[in-house]
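Chemist: Put the complex together from the two separate chains, hints included.
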Amino acid sequence: MAMLLSMLSAVFGLAWLVAILADLIWRGAAGLSVQLFTQMTPPPGGSTGGILNALFGSFVLTVIGTLIGTPIGILAGTYMAEYGRKTRLTATVRFINDVLLSAPSIVVGLFVYEVLVVRMGHFSAWAGAVALAMLVLPVVVRTTEDMLNLVPDQLREAACSIGAPRWMVIRKVVYRAARAGIITGVLLAVARISGETAPLLFTALNNQFWSANLNQPMANLPVMIFQFALSPYPYWQQLAWTAALLITAAILALNIIARTLSRGRFNER
Amino acid sequence: MPKQISGRALRGHALMDGLLRSLTRISALTVLVVLGGVIVSLIDGSLPALRAFGLGFVTSETWNPVKDVYGAAPAIYGTLITSLIAMVIGIPVSIGIAIFITELCPVWLKRPISTAIELLAGIPSIIYGIWGLFTFAPLLQRHLQPFLIHAFARAPLLSHLFAGPPYGIGLFTAGLILSIMVLPFITSITRDVFEAVPPMLKEAAYGLGCTTWEVVRKVVLPYTRAGVIGGIMLGLGRALGETMAVTFVIGNAHRISASILAPGTTISASIANEFTEASSNLYTSALIALGLILFVITFIVLAAARFLLLRMERKAGV
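Chains E and H, in that order, give the protein sequences. Each residue of the first sequence is one higher than the one before, starting from 1 at the first, in our numbering. Each residue of the second sequence is one higher than the one before, starting from 1 at the first, in our numbering.
FYI, nobody ran anything at the bench for these hints, they're computed from the structure. Bear in mind that the values here come from a model prediction, so they are computed numbers and not experimental data. Where is the CB? At the ideal position from N, CA and C, for every residue including glycine. The reader is advised that the hints may include incorrect statements.
As the list claims (entries may be wrong) - Which stretches of chain E does chain H cover? Using the computed rule of at least three CB atoms under 8 Å from a CB of chain H, they are:
#1 6 to 17
#2 84 to 98
#3 137 to 146
#4 155 to 169
#5 198 to 210
#6 220 to 228
#7 239 to 247
As the list claims (entries may be wrong) - In silico negatives: residues of chain E with every beta carbon more than 12 Å from chain H:
#8 Ser33
#9 Gln39
#10 Pro44
#11 Gly46
#12 Ser47
#13 Gly49
#14 Leu52
#15 Phe56
#16 Ile64
#17 Gly121
#18 Leu150
#19 Pro152
#20 Ala180
#21 Ile183
#22 Leu214
One chain only, chain H, in its complex shape (with noise of 0.2 Å):
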């Protein structure tokens, strides 16, 4: 005979029922909570600053904590060129390892190297920073950097892009560091669209007498066009917000300099360098614009590069 069950006990699971589906309800809304609290105390904080100089803050070099001035200029101009210098790098580089590992690679050796440039994603920012700093730096400053300035020294424009003493720190070392650091993220989705070719797709090409090179560039990179762009914005998302690392090797120089082997500074650099020696109100609000200008900027980045994503899991999906 079944056995009844009581009224109280059913009462008590649908009382648990609703209480989880609740209490999980309101940790999902808590994420959105964060990035709303993220943005509005961004911008509660930067308010003064952006009272005392508007849309010129944005615009303007002038960086003088002694006279309560400040610019973000030289800090937006350090973030886009540290970031575009990692890309220029990273991106060849990146997509060259996922090719590799898709479609070169005997079958052995795939998980090894693929964990291997995960790894690489593991190491903390800090450990790139003072590595950066103690060894890469002075290497740069020995070796390679006399070689661009007396290469490309009769070149015009050139010259001036590797004008100067050979710094060690500055810009091109940090753009080079940030190259390093951006390769797991970008090669790991590279590898994962790569892999999401239908090899049907590929065959055919083979069968058709292509070669290797062919198949990647007439079939894997036009399919995967999306998922790679996205994979890339990824990377830069990266790129413009790293903090640690490029601390280190900027130099933290509040100046626009033609040569990108000067000392400069980045958004995150500023803030990290600064923001607990900042004396003034005005000081203080003044980095905390720099932060949510970086925060828009990674946020639009960021965004972008989930939507191509996101188009590109549905294709995979039909």
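Isolated chain E, as found in the complex (with noise of 0.2 Å):
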């Protein structure tokens, strides 16, 4: 009896991610066309036009929040499984890391508005890339520390035993062992944030025009569906719909390969 309360419950969150996916292809795929690729977003009311500007936005905002937050997160993740394995350091940064990996995104969102959009006087790109790569850091810090310690300390005493310096062993030996995982962390984060609305609501803000200006609001689609969701026109909804089709294939299918990329990877040990 209980089992079969288990089964069920197996059911009941299998049945959540079919009805979802199902909803959303049914009712983005018809507002699929090539003026969804061509064409900026339309004004109120209006019944032609696409999302080209939200798709380049996204797209320059995830580019830069992950070029900003990857790298500190790297070098951030190797000083805890290189250089500081035991420190007191590396166990407070680790504790801090995982609370920043889950707290509300939208609190980093009023942080950014803070420091950099009250200071500037106005929205811009830049505000929402930072906002962006403050999600970015606590995931690849967290799995690249995981990934270099699983790599074998036998890899690293042979290393240095012919000779070769520290920051060789860790940039020729280390990296290149755990550099499937760690491509592994960057493709979730990056799945994370291509998706995430709140820090991006008073920071990047939206644009309804083309622009490619980082000093000024920029257009992005989850802002983009958000605004057009709530709106009471038709066709915005429609292409609201369709964006967030769009999105989440996206980050599925983003999701899948990081995921294929680490099991090949364990497969090989």
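Modeler: Set out below in structure tokens:
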């Protein structure tokens, strides 16, 4: 009886995944067209237009956010796994990092608003990218540390014994051995930020027009979905659904790629 | 004959070593600086509101931007209630799924099911929001909520809890969606700690003639208690801070209603909805103060979760 319940809960959990994805495809696919990728977001009440500027903006924000967050994350993870394995600093950073990993992302938005938007006097793509970078950081720190710790110490010792200095051991041996794992971490981080809305609401804001200026508000898919879905215009709502479908497909694809990468890695061992 | 290493090359290596070492150290410190920065800036930003309203900010129910008077009670209440609903539904289901994956499921099915559940975590929260508003809420409004109102109409107490017109959106809907969203987090941790139970213990129990259910209840759960609670707290931390999915379906009404079917608001939803529209400095400050309260609550919950999980890891390591 109790076992039946546990089986039912598994079915319950999977049913939501299927229901959400099916609905998303059903409603989102109706709006797929070429103009989606060639035109800007329409004005209120408009009935033609695409999401080109939002796609571009999301891409730019995600790339910059990843470029800022990843190097710091990998270096911090390297310190924790290579230089300070048993130090108190490492233990503290690990604890704080784990808390940051699940901290509410809207609070990150508030922080960046206070620090960047207020100082600069206006919303900007830079602020949005920094907010996203702060979400990338804990994910990359965590996976880098875990993956470097998986590299057997014999490899390090072997490299040291033939006279390689520490920095070379890390760069040429440890990083190479853990490459797939670290890339997985970065992919997961990208997947996480590409759907994040809350930290962008009052940092990058949104922009109805094409803008490649990082000092100005920039259009992006999540905030666009938020605004369009809550609007009274049917065409805007349709665009929101289609954008939602695209974003989910991209994120699930990233997740699956990351998973296969790390699985191949573990089978080698 | 061995080649001599020049002093210059050695000094170069020493320099690189020191460079990489301090670079990585600085990066590790950045993580701490980020957290410190968040706390300092939130406190700094919320000072005007806290000075104006004092401790009454937390207990006051008034939220009136026109008169510039703000109280956080409805938002705190909404945050706690929606998370409570999410936990009431999410905990048993997650543990059930974890039991299914570790104890019952055929080996070939383990991976696909785990992956599918984890994909639920990959779906961005805004997707839950748009789906919740356009598909899920109307369904609830038409079917589940009228049923609940009708079913509990005569019951004392419960009739207040499930009272009023079926809006579709509201605290109850937000709680339900949150329960789906926390599933993958609680499930994956619970599954991991279940798998850390030494097979010897389980087999001994099976050897004594225990059923699967008895093994789970008497061996697996007691052994993994700290880990399971840690996973639950982690899920709770997520539910408390979740923003977009809730913002879509909560109704954004700053009041405390007896009925959980009524619209309400949460801390994160208030910030998301009102921050860019906040017209006065005090308004902005009040919203940042809400953020500070949210951060403090989630920080405590998440820190407790990590502490419990850390204890569990040490136990497994011994």
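Chemist: Tell me the numbers of any earlier hints that the structure contravenes, in ascending order.
Modeler: none
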